[in-house]
Amino acid sequence: MNAKATIAVAVVLSAGRVLVGRRRDDAADAPGRDEFPGGKVEAGEAVELAAARECLEESGVDVIVGRRLHVARATSSGGAIEIHFHRASPVDANVSPQPPFIWLKIEDLARCQFPPANAEVVRQLLAEEDTG
Numbered sequence: 000m001n002a003k004a005t006i007a008v009a010v011v012l013s014a015g016r017v018l019v020g021r022r023r024d025d026a027a028d029a030p031g032r033d034e035f036p037g038g039k040v041e042a043g044e045a046v047e048l049a050a051a052r053e054c055l056e057e058s059g060v061d062v063i064v065g066r067r068l069h070v071a072r073a074t075s076s077g078g079a080i081e082i083h084f085h086r087a088s089p090v091d092a093n094v095s096p097q098p099p100f101i102w103l104k105i106e107d108l109a110r111c112q113f114p115p116a117n118a119e120v121v122r123q124l125l126a127e128e129d130t131g
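At position 118 of the sequence shown the residue is numbered 117 (numbering that gives the first Met the number 0), and the sequence of numbers has no breaks.
The hints are simulated quantities; they were obtained by calculation from the structure and are not laboratory data.
Check before you lean on any hint, since a few could be wrong.
Here are the simulated EDC-like pairs of lysine to aspartate or glutamate, each with C-alpha atoms no more than 20 Å apart in a straight line [what the hints assert, rightly or not]: (1) Lys-104 <-> Glu-81; (2) Lys-3 <-> Glu-47; (3) Lys-104 <-> Asp-91; (4) Lys-39 <-> Glu-81; (5) Lys-104 <-> Glu-44; (6) Lys-3 <-> Asp-28; (7) Lys-3 <-> Asp-61; (8) Lys-3 <-> Glu-81; (9) Lys-104 <-> Glu-128; (10) Lys-39 <-> Asp-28; (11) Lys-3 <-> Asp-33; (12) Lys-104 <-> Asp-129; (13) Lys-39 <-> Asp-25; (14) Lys-39 <-> Glu-56; (15) Lys-3 <-> Asp-25; (16) Lys-104 <-> Glu-127; (17) Lys-3 <-> Glu-44.
Label-pair restraints from in silico Cβ distances [what the hints assert, rightly or not]: (18) Asp-129 <-> Lys-3: 30 to 36 Å; (19) Leu-103 <-> Gly-65: 33 to 39 Å; (20) Thr-5 <-> Ile-63: 17 to 23 Å; (21) Asp-28 <-> Glu-119: 27 to 33 Å; (22) Arg-66 <-> Ala-27: 27 to 33 Å; (23) Pro-99 <-> Ala-126: 22 to 28 Å; (24) Phe-113 <-> Asp-25: 14 to 20 Å; (25) Arg-72 <-> Lys-104: 28 to 34 Å.
Source: prediction; values computed, not measured.
Every residue, glycine too, gets a C-beta built ideally from N, C-alpha and C.
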């Protein structure tokens, strides 16, 4: 029986914007869907450190990881996964992310096509934006 993989995700927020990318059309999981930067937690690695590492590797944006927003369970092509979403902020807000990542206005998240496991985090962000 395969152990459940833990995925760490950085939800990077800065000046009313959020860091979002689009998965490749040939990706094994959620092809062509939008995503926040993140990836697999390595053995012995803290989830927060994994979120920061994956964000830097994928987007080129160095972040400070804050509180957990949500934990979702899903199934990927590799089996069961547990996704930990953490709020994060850029160390330098002037750094431009590497493609496919861009800064997107939070209100524009409503038009994005995220995998279902992201729905609660997107809902939280949009609700925060509505209340200011």
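(message) Run the distance test for Lys-39 versus Glu-56: straight-line Cα separation, threshold 20 Å.
(response) Status holds; Cα separation ~12 Å.
(message) Just to be sure I understand the hint, the distance between the Cβ atoms of Asp-28 and Glu-119 should be within 27 to 33 Å; is that true here?
(response) violated, 18 Å
(message) Given the hint of 28 to 34 Å, is the C-beta distance from Arg-72 to Lys-104 inside that range or not?
(response) holds, 29 Å
(message) For a C-alpha distance cap of 20 Å, please report whether Lys-104 and Glu-128 respect it.
(response) holds, 10 Å
(request) Determine whether the Cβ-Cβ distance between Leu-103 and Gly-65 falls within the hinted range of 33 to 39 Å. (result) Taking Cβ atoms as reference, Leu-103 and Gly-65 lie about 19 Å apart, which means the hint is violated.
(request) Please work out if Lys-3 and Asp-28 have their alpha carbons no farther apart than 20 Å. (result) Measuring from Cα to Cα gives roughly 16 Å; hence the hint holds.
(message) Check the hint pairing Lys-104 with Glu-44 against an upper bound of 20 Å on the C-alpha distance.
(response) Distance of about 31 Å is beyond 20 Å: violated.
(request) Please test the hint of 27 to 33 Å on the beta carbon pair from Arg-66 and Ala-27. (result) holds, 30 Å
(message) Within 17 to 23 Å: is that where the Cβ-Cβ distance between Thr-5 and Ile-63 falls?
(response) Between Thr-5 and Ile-63, where Cβ atoms are some 20 Å apart, the hint holds.
(message) Given the hinted pair Lys-104 and Glu-127, is their Cα-Cα distance within 20 Å?
(response) holds, 13 Å
(request) Starting from the range 30 to 36 Å, see whether the pair Asp-129 and Lys-3 falls in it by beta-carbon distance. (result) holds, 34 Å
(request) Note whether the CB distance of Phe-113 and Asp-25 lies within 14 to 20 Å or breaks it. (result) The hint (14 to 20 Å, Cβ to Cβ) holds, given that Phe-113 and Asp-25 are roughly 19 Å apart.
In this structure, the earlier hints numbered 1, 5, 7, 11, 15, 19, 21 are contradicted, and the remaining ones agree with it.
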